[in-house]
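Novice: Chain residues, written in single-letter form:
2 protein chains.
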Amino acid sequence: MTNTTVLYQHGTLALLVPGLLAGTLTMGELLQHGDTGIGTGEGLDGELIILDGTPYQVDSAGRVNVVADAFTLPFANSHFAAYKPLMTVIAATRSAVEKQILATAEQPNIFFSVKLTGTFTDVTTRAVAKSQPPYDSLAETARHQSIFKRKQVEGTLLSYYAPQLFDGVAVGGFHHHFLSADHDFGGHLLEFGQASGTVMIQTFATLEQHFPVADAAYQHHDFSQDNIMADLHQAEG
Amino acid sequence: MTNTTVLYQHGTLALLVPGLLAGTLTMGELLQHGDTGIGTGEGLDGELIILDGTPYQVDSAGRVNVVADAFTLPFANSHFAAYKPLMTVIAATRSAVEKQILATAEQPNIFFSVKLTGTFTDVTTRAVAKSQPPYDSLAETARHQSIFKRKQVEGTLLSYYAPQLFDGVAVGGFHHHFLSADHDFGGHLLEFGQASGTVMIQTFATLEQHFPVADAAYQHHDFSQDNIMADLHQAEG
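Just so you know, the protein sequences line up as chains A and B, in that order.
Each residue of the first sequence is one higher than the one before, counting from 296 in the numbering used here.
Each residue of the second sequence is one higher than the one before, counting from 296 in the numbering used here.
In short, the hints are calculated from the structure, not lab data.
Hints may be right or wrong, so weigh each one.
Claimed, not checked - SDA-like mimics (lysine to any residue), calculated; alpha carbons at most 25 Å apart, straight line:
1) A:Lys394 to B:Lys394
2) A:Lys394 to B:His516
3) A:Lys379 to B:Lys394
4) A:Lys379 to B:Thr416
5) B:Lys394 to A:Ala511
6) B:Lys394 to A:His516
7) A:Lys379 to B:Ala512
8) B:Lys379 to A:Lys394
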């Protein structure tokens, strides 16, 4: 069943804040819900990006690995790709690209995905290093992240947009992951200088929000003691 | 396909705040996602409660009507019932019932439904009066609600619990609708004195959040100008 109007999400962004980082879904299961997606591994083991059914992991050493079906994740999104052309951008900054997408799509209150394929300058990405149980909080883990830079690179920016009401469930606004065309550079996108290429969009009628119901640590955690929004905006901003 | 681990939701609670009250889903469509549920009609036309596949509306005159498949709703929940016994309560206040459910279920971070069937004292419900386009905001509409009271009544309390992270998407915490056993009294529950009866629970692994994607007013609305949380807690508290 490949419903292209459904965005699947496992876990919530918020559960990363107190370090509920057990891998509660396998990549094999995630791929049943889509051929395109993003996520992170157990213990915040790198940055995942799924393109055309292949799950790539950018680890904290900057290596790009294809992960096995048994690889587990605490948080991930996937969907079946059915993108439509939205616009072309030429030497556009990240901020300009985001504004143009929102102005063109005019759909700030639903989830959608965009894929920008082209040439990027001054790309900065990050990948987090895997922590072991007892897991670090997101704020602690973020201190051990690696930063990677490329002056100019061809590649694909895969992004999800979430309405602000869902900030904390997902990243409110845009959440970008990047993979180079040569599959040798990528990660969670922090910034780029300028992008030139094609922007495709896919809108979703439904968010299929799946919870890690078998994970006792998640089920019993008291989130009221966490600074969810402050820590997320610090780490994902 | 009757997956009893899925809670379906159409619309968000937040969209009621600025008065985005067009009926964007039919009752017939809602019933395809469950035989049990709650909701409100177009223009906040009463309080809906679906039990065993029958959709009852408590209107602002206090009448209980069975609505047709063509009846439309801006916001609703439904699921296929597969409740399990949780506990028995005897002369328990609403606050005590809610605390006992949370203490017994120990699942504050996932969505679940409870059904309390028994005898209730001092029940207070409300039902909102339907507004016409251009629709009133939730705060304005709430001023025109009707309040109903019963000293003692047998009936069913149908409740959904949402994790606090989803406050605004749904009602964070418990959201209760009531229907009397005689089908002559009900609505959105504001308070009861004491309840004696059986509490059943059904937990959900997935929230299937569906958006009114065909509604231009929803798609283009600027929610950043609304006091979503303050108005919701005023109206739904």
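Novice: Do the alpha carbons of Lys379 (chain A) and Ala512 (chain B) lie within 25 Å of each other, as the hint requires?
Specialist: OK: Lys379 (chain A) and Ala512 (chain B) at ~23 Å, within 25 Å.
Novice: With a cut-off of 25 Å on the C-alpha distance, tell me whether Lys379 (chain A) and Lys394 (chain B) pass.
Specialist: 49 Å, violated
Novice: Starting from Lys394 (chain A), check that the Cα of Lys394 (chain B) is at most 25 Å away, please.
Specialist: 45 Å, violated
Novice: Taken at face value, is the distance from the CA of His516 (chain B) to the CA of Lys394 (chain A) at most 25 Å?
Specialist: Holds, at about 17 Å.
Novice: Next pair to validate is Lys379 (chain A) with Thr416 (chain B); report whether the Cα-Cα distance is within 25 Å.
Specialist: The given pair, whose Cα atoms are some 57 Å apart, is violated under the 25 Å limit.
Novice: Given the hint that Lys394 (chain B) pairs with Ala511 (chain A), does the C-alpha gap stay at or below 25 Å?
Specialist: 20 Å, holds
Novice: Given the hint that Lys394 (chain B) pairs with His516 (chain A), does the C-alpha gap stay at or below 25 Å?
Specialist: Measuring from Cα to Cα gives roughly 17 Å; hence the hint holds.
Novice: Would you mind confirming whether the straight-line C-alpha gap from Lys379 (chain B) to Lys394 (chain A) stays at or under 25 Å?
Specialist: This hinted pair is violated, its Cα atoms lying about 49 Å apart.
Hints 1, 3, 4 and 8 from the earlier list are contradicted by this structure; the remaining hints agree with it.
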